[in-house]
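Chemist: Same order as they appear, the protein sequences are chains A and B. This note's numbering numbers the first residue of the first sequence as 10 and each following residue consecutively. This note's numbering numbers the first residue of the second sequence as 90 and each following residue consecutively.
Please note that the accuracy of each hint is not assured.
To give a feel for the contact side, a few chain A residues facing chain B, derived at Cβ under 7 Å [to be verified]:
hint	residue
1	93
2	103
3	107
4	108
5	216
6	217
Below are the DSS-like pairs computed for lysine-lysine, each with C-alpha atoms no more than 30 Å apart in a straight line [stated by the list, open to error]:
hint	chain 1	residue 1	chain 2	residue 2
7	A	86	B	123
8	A	96	B	91
9	A	124	B	166
10	A	80	B	123
11	B	91	A	62
Footprint (simulated), chain A over chain B, 3 or more residues, beta carbon under 8 Å [what the hints assert, rightly or not]:
hint	region
12	126-137
13	191-202
None of these hints come from the bench; they were simulated from the model. Nothing here was measured: the structure is a model prediction, and the numbers come from that model. Backbone N, C-alpha and C define an ideal beta-carbon position, used for all residues, glycine too.
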Amino acid sequence: MKIAVLSGKGGTGKTLVSVNLAAVAKEAFYIDCDVEEPNGHLFFEPKPIGSEKIVIKIPVVDEKLCNGCRKCVEFCKFNALAYINNKLIVFDDVCHSCGGCMLFCPEKALTEQEKMIGQVQYGNSENVTVVTGILNTGEASGTPIIKKLLNYAKREQAITFIDCPPGSACIVMESIKDADYCILVAEPTLFGVHNLNMVYELVKLFHKPYGVVLNKCLEGENPAEKFCIEKGIKILEKIPFDNELGKLNSNALISVREYEKYKELFASLLQIVTEEVQHEAAVNP
Amino acid sequence: MKIAMPVNDKSMESCVGNTFGRTGYFLVYDTETKEGIFVDNSAAASQGGAGIKAAQTVVDSQVEALITPQCGENAAKVLQASNIKIYKIINDSIQDNINAFNHGELSLLEKIHGGFHGHGGK
């Protein structure tokens, strides 16, 4: 069972929810797909087991073979190639490693070269296996790292929590692709509603079952709750605005490992989510 | 000498475009014959790397100078590889900028921005 946790912006509580759900489960697999700024490991402080370098393949040109036909330049959707002064220039940062230019080159002047863009680290923290993706600073896309991370999850039997990057771009699409269920975390503000709507549209587009966790709930009107009611979206849990919880989180402590009341809160959420997934599996097998 | 400028429409009465990579058209102007042609910027609708493709178009027009409000680092790399000088506009009038260029009154564009890479904006 794979549960993706996502939100339209950073700071809503994706990591709070996914870390605590994983920690409260009997046995869990936690994947940090927020490869630009992974922070789940700060909570789990996993004992390292291993790591793996992630490389992508980018084209290099053999200038002796290139005849300047520009087939590769015309093909590249991302415009990673330019032909200037009788020389082909490759923009590594813009290249998406599709390999198309190499297939199109009639002179076989382009070959692959490996480039390291980041790494995956894995380790243990009590009942949780923690897998973290780390993208090197300055690299354009973390998608190849996320592909690798989700490959780890493929073999995994334990309940898996995918802590997604913020937003609704390619990198998030890649993160939720294999998920059985999506938890959308939302803040009780108008801005929060806007961001919730972005991920709401995304999970609908991907035909994923989903529910919302309303975080930082205050007394009075909650625009995100209103949005959920209007759209008929299932509200899985309302986490109150709670200084104590905020403080624990700021000190990189896992709330469910500290206090019984938070253990109860997240155990209840886990129960609700598990039932939702089983219900989905029964209704839409 | 041939020069290029990003413009909003295919007319000398139009304005200088406010971006380089995603401008609608380029004016390619010959300062000797005082004739200009308008070239479609096929990079305008690109998913990414618009600056690189737009710069390729400018290079292929065989100009020696570009007059633009701004330019990203990837585009600048392409232009500099062809020894095209990049000048900063003085206002958004096409004719004013051509006149200023002819009188040697334009200064080189000093600030090459890091690119927007899918984030839009100005």
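Chemist: Against the structure shown, which of the earlier numbered hints fail to hold, in ascending order?
Modeler: 3, 4, 5, 6, 7, 10, 11 and 13
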